[in-house]
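Between the sequences and the hints, there should be enough to build the whole structure, so can you do that?
Number of protein chains: 2
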Amino acid sequence: MGDVFELRDADAAGRIGALRVPRAKEVVETPALLPVVNPHLQTVEPSRLETEFGAAMCITNGYILHRSDELREAALDRGVHDLLGFSGPIMTDSGSFQLAEYGEIDTTTPDILEFQHRIGADVGTPVDIPTPPDAGRGRGEADLETTTERLAQAEAVETGKMLVSAPIQGSTHLDLRERAARAADSTTLDVFPVGAVVPLLNSYRYAETIEVVRAAKRGLGENRPVHLFGAGHPMTFALCVAAGCDLFDSAAYALYARDDRYLTVRGTEHLADLGSLPCSCPVCVTHTPDELRALAEEARETRLAEHNLHVSFAEMRRIRQAIRRGNLFELVEARARGHPAVLDGYRALLDHAPGLERSDPASKDAFFYLSAESARRPEVLRHHARLERLSLPDASVGEVLLTEGGRNDAFAACWRVVPPFGPFPRALSETYPLTAEAPDRTDAAAHEAAAEGVARLVVANPDSEFALAHRGWPESALALVPERVSLARLDRADRSGTTTAEPTDSYSEDGDADS
Amino acid sequence: MGDVFELRDADAAGRIGALRVPRAKEVVETPALLPVVNPHLQTVEPSRLETEFGAAMCITNGYILHRSDELREAALDRGVHDLLGFSGPIMTDSGSFQLAEYGEIDTTTPDILEFQHRIGADVGTPVDIPTPPDAGRGRGEADLETTTERLAQAEAVETGKMLVSAPIQGSTHLDLRERAARAADSTTLDVFPVGAVVPLLNSYRYAETIEVVRAAKRGLGENRPVHLFGAGHPMTFALCVAAGCDLFDSAAYALYARDDRYLTVRGTEHLADLGSLPCSCPVCVTHTPDELRALAEEARETRLAEHNLHVSFAEMRRIRQAIRRGNLFELVEARARGHPAVLDGYRALLDHAPGLERSDPASKDAFFYLSAESARRPEVLRHHARLERLSLPDASVGEVLLTEGGRNDAFAACWRVVPPFGPFPRALSETYPLTAEAPDRTDAAAHEAAAEGVARLVVANPDSEFALAHRGWPESALALVPERVSLARLDRADRSGTTTAEPTDSYSEDGDADS
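Protein chains in written order, with our numbering: chain F, 1 to 515; chain G, 1 to 515.
Be careful, since some hints might not be right.
No copy labels: a pair is met if it fits in one copy or bridges any two.
To be verified - With a straight-line cut-off of 25 Å between C-alpha atoms, the simulated DMTMM-like cross-links for lysine to aspartate or glutamate are:
#1 161 / 77
#2 364 / 260
#3 364 / 290
#4 25 / 430
#5 25 / 114
#6 25 / 290
#7 25 / 291
#8 25 / 3
#9 364 / 269
It is worth saying that the hints were derived from the structure and are not from the lab.
Fair warning: this is a prediction, and the values are worked out from it, not measured in the lab.
Here it is, written out as C-alpha cells:
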C-alpha cells in the first residue's frame, strides 16, 4: 500500500490530494468532508448527500451495524452501499467511540475488520483506544500500547482491497502523538485518523488541536492522508487543513440541527437568535427565520441540517479553491476572526512556521498582509533565511544602503526594504512574496519583522557596512537593528502619518539590479 | 420631512433603520441593497429580484427613461413600477452620472424631479455635480456651490409624497464633504447619498472612502439615512455599514457577470480561475465551474449575476444580524482579512473610534478580541475614559494593587487587569466589555492598551499609590506605565509562555467589590 494517496497541490501544510478508494468511480479529491450517516436515523437521506450536496464519500458506524441483528443481516446480505443508498465510497468506524463512552464493546479488531470487509466498506477501522485530552501520561502510554497492538492485528487481517485506517492517539501528550504517528506510519495501513480530538474541539481548545495535529504530522510521511476524526464544524476546517488535515467527518450537521443550531464559518447561531438568515444557501434564500421557526420539528430539523451541510460543503470547496490559488493563509486569516479560539489556533499554527515552510510553495500569486499575524508567515521566515545567502560588497567598496525610499548612487549598493520581509536587492522586486500587497496603515509587527530581516543580513555579512533609511519605524523595531547600522529617517510618504509597504518611487526602479 | 427614517438598533456607527417610502407596503429595513435595474437590459428580471432575491427596493436611472422617447412615454403612461415589473419602492437617479461621464445632459433639476414624480418614483434625485476624487480644491468648491443650488431648486419642486435625495459631494476634501453634508442636512430633503466614491472603490482606496463617509456623517444628523452611491461589492458592505452607511446600490452584480467575474465577500474571482465554487448559493450548489463555463454566454451571465446577487443579499442579511447581535465589529474584523485595502479601511475607521464611541452601544453580548485592531475599538477607549471617574483610596490608606493574578489582602484595594482594557474593580468583572473573550496567545497591542488604561487611572489619581502585577508584558507596554507604579512580574499561567486574558482564579472572585 502507500500509493493510495497522491498529492496534487499544496499551500501552507494543506494539500489537494487524490485518495484512491476501491469503490470510487473517480478518486476522492481532498480535503474532503465525509458526512456521518447514522444507520438508525437519517436526517438527510444518504442518496441526497451524494446528489444534492456533493458528498464524494460518507462514513457510518460499522459497530452499530454489527450490533443490531437486523442491520447486520441486511448489511451482510445487501452490502452497506445498498443498505444506506449511497453509491460512493463508505468509510466505517469500529466502535471505538462506544468503547470510550461506555467502557466496553463486544467486538475485536479482527472481528470488526472482517465484518467491515464483508459488508463492502471502502475504508475500515480497527478498535483503537481513544485516550481523552489531559489523561495522565501513564494512561496515555498504556492506551497507546494497546492501540499499536490493534494496528498490528489489523495488518494481519485479510481485507482485500478495503483500505484500513490507523488511528493516532496519545491524548494531549505531544511526544506520544508523534510516537503514535511514527508507529502508524510504519504499518501497511492506509488512512491516518488523528483520534480523540472531539473533547478539545467541543471546548474550543483549537490551539491544542493544532499542536496535536502538528505532532502527528511530524511522525507521518508527506504522502499519508490525515483524517481529523470528529471535526465537523466549518469554522475550523480552513485552519485544520492549513495544519495538514485531509479528511473530515461531520455528524455536527445533524446533531446541531436537532438543537436548532445553525452553523456558520464564523461560529454557531441559535435559530431563536436569528433576525435574518446570514447565508446564501437554498434553504436561507427561500425562508425567513420566522418561517423556519414555524415549521414542525422534523421539517425544521431537516431544513437546518440541509443548511448546515450546504455551509460545510461550500467551505470545503472554498478551501480547495484557496489551495489551488495559493491563498489558504489568507482564508485562515479571515476565519481566525470568527472566534478568539480560532485566532489562538492560527497563532499556534504560526508557532510552527518553520515546519510549514517545508511544504509551503516558494511561489504563489500574491501575498496579502492582513494582520500582525501575517508577519509570522513562513514566507517571511524563508526570506530571512535567504538573506544569509545573498552576497554583498564588503566595507572596502563602500556602505550598503537599505532603504524604504528611492535609489541613492552614493552607496556601493542600494537595496529596497519592504515590511514585513526586510531588505532585498531590487532585482527581486517582482518575485513572490516581495510583490506583497499591504495596507497603507502598517503596524509594528511588520516593521519588527523587517528589522529582523535587516539583522539577519547584517550579521551574515560582517565585512560590509550598512545604512538603513526607514519611514518612521517604532522603537520596538529599531531596537532589533544591530548597532553598527547607521540609521536615517525618511519623510513619511502619506498624510496618514504611516509608512507604505510599497515605496512611492518603486515603479521606476523595478528590474534594476544593484548587486 | 425628517421623520422618514427611524433608528431601531445600532452597533459601531452602523444601524438598523426603517425607511418610510410612499409605495412600501411595509417600511424598508436598512442596511439595504438596491439592485440597479437598467431599463434597456435586464440581466435578471426585476420581479425576480423581488421574489427570489428579497430586494425590498431597487434603483433605476430616471434620466435614461426620460431620454428615450419610447421609455419616457411608457413610464409616464404606465408608471415606472409597471414598466419595470417591480412592486416595491423604486429610487430613480437623475443623470448626474451621465453628466460626469459625458460633460452634458439635456435636463435640469426641476425637470427631472418633476418627471420622476410623474412616473411614480418613490425616491427622486436632483442633478448634482459629482466631483471626482483628487479634484483641485477650487473645482471642488465651485462644483459644491452648484450642487447646493440644485438642492435648493429641488426643495422648491412640488413632488408630493416622493422622497428626494440630497447628494453630498466635495471630492476627497474632507472639510468640503462635511460642509456639503451640513448644507444637505439643513434642507427639507430626505435621503443623503455620498456621491462620486466609485472611483475610490474601483481603485481599492477604501481607507479614503471611509474618511469621506465619516466626514459626511459629521455634518449629518443621526436620523439621516445615508446612501453610499455606487458601492456594490459585498467585500466592503460591512465596513461601510460600520462607518454609518444605510443604503447601497449594486450594478456590480450584472456588470461583473458580464466579464465572467464572480463576487465573494473576500474579493472577486474570475470564472476561469475557479476549480470549485466557493459558495453555498443555489447556483453554486447545482453547477461545477466547468458546467458554468460551458454555458452559452447569455445563460452564463445570468447564472453569474444570480450568484452575485445571492452573495450580496446574504451579506446584507449577515450585517443586519450582526448589528442586532452587537457583533458588527467582529464581522468587520473578518472582512478586513479579505484584502489589505479592506484592512486599511478598517484601520481608518478605528482612527475615528472616539466618534464611533458615541453611537456604539454601552452593552452587548460579548467582546471578541480578534486581532491587534481589536485593542483600538471604541469599547477600549470608553473603558479608559471611565477609569478617570472611578474612585480609589488615597495613599494614606495604602497601595492599590492592579493585577493579572489573584487577590491580595495586603493592599488597600485589589483591582483586576485584563488586556486590552486595563484595570477595573472586581465588581465590574461580569459587565460588558470586561467579559471579553481573548486568545490565550495574546499580543503586544493588547498589553499596550492595558498599560494605557493603567496610565489613565494612575494619572487621574495623583493621591493614590499603585503596584502592577503582570504576566510578562513586553517592554513596549511597560514603557507606557507611569514610573511611580511599582512593578511585579507574575509567573506565567500556561505552558505556551503567554498570558491569558482571564486570570485563572477569576471565577472564585467574581462579584467581589474591593473598592
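**Message:** For each hint given before, does the structure comply? Return the numbers of the non-compliant ones in rising order.
**Reply:** Number 4 - this is the single hint that the structure violates.
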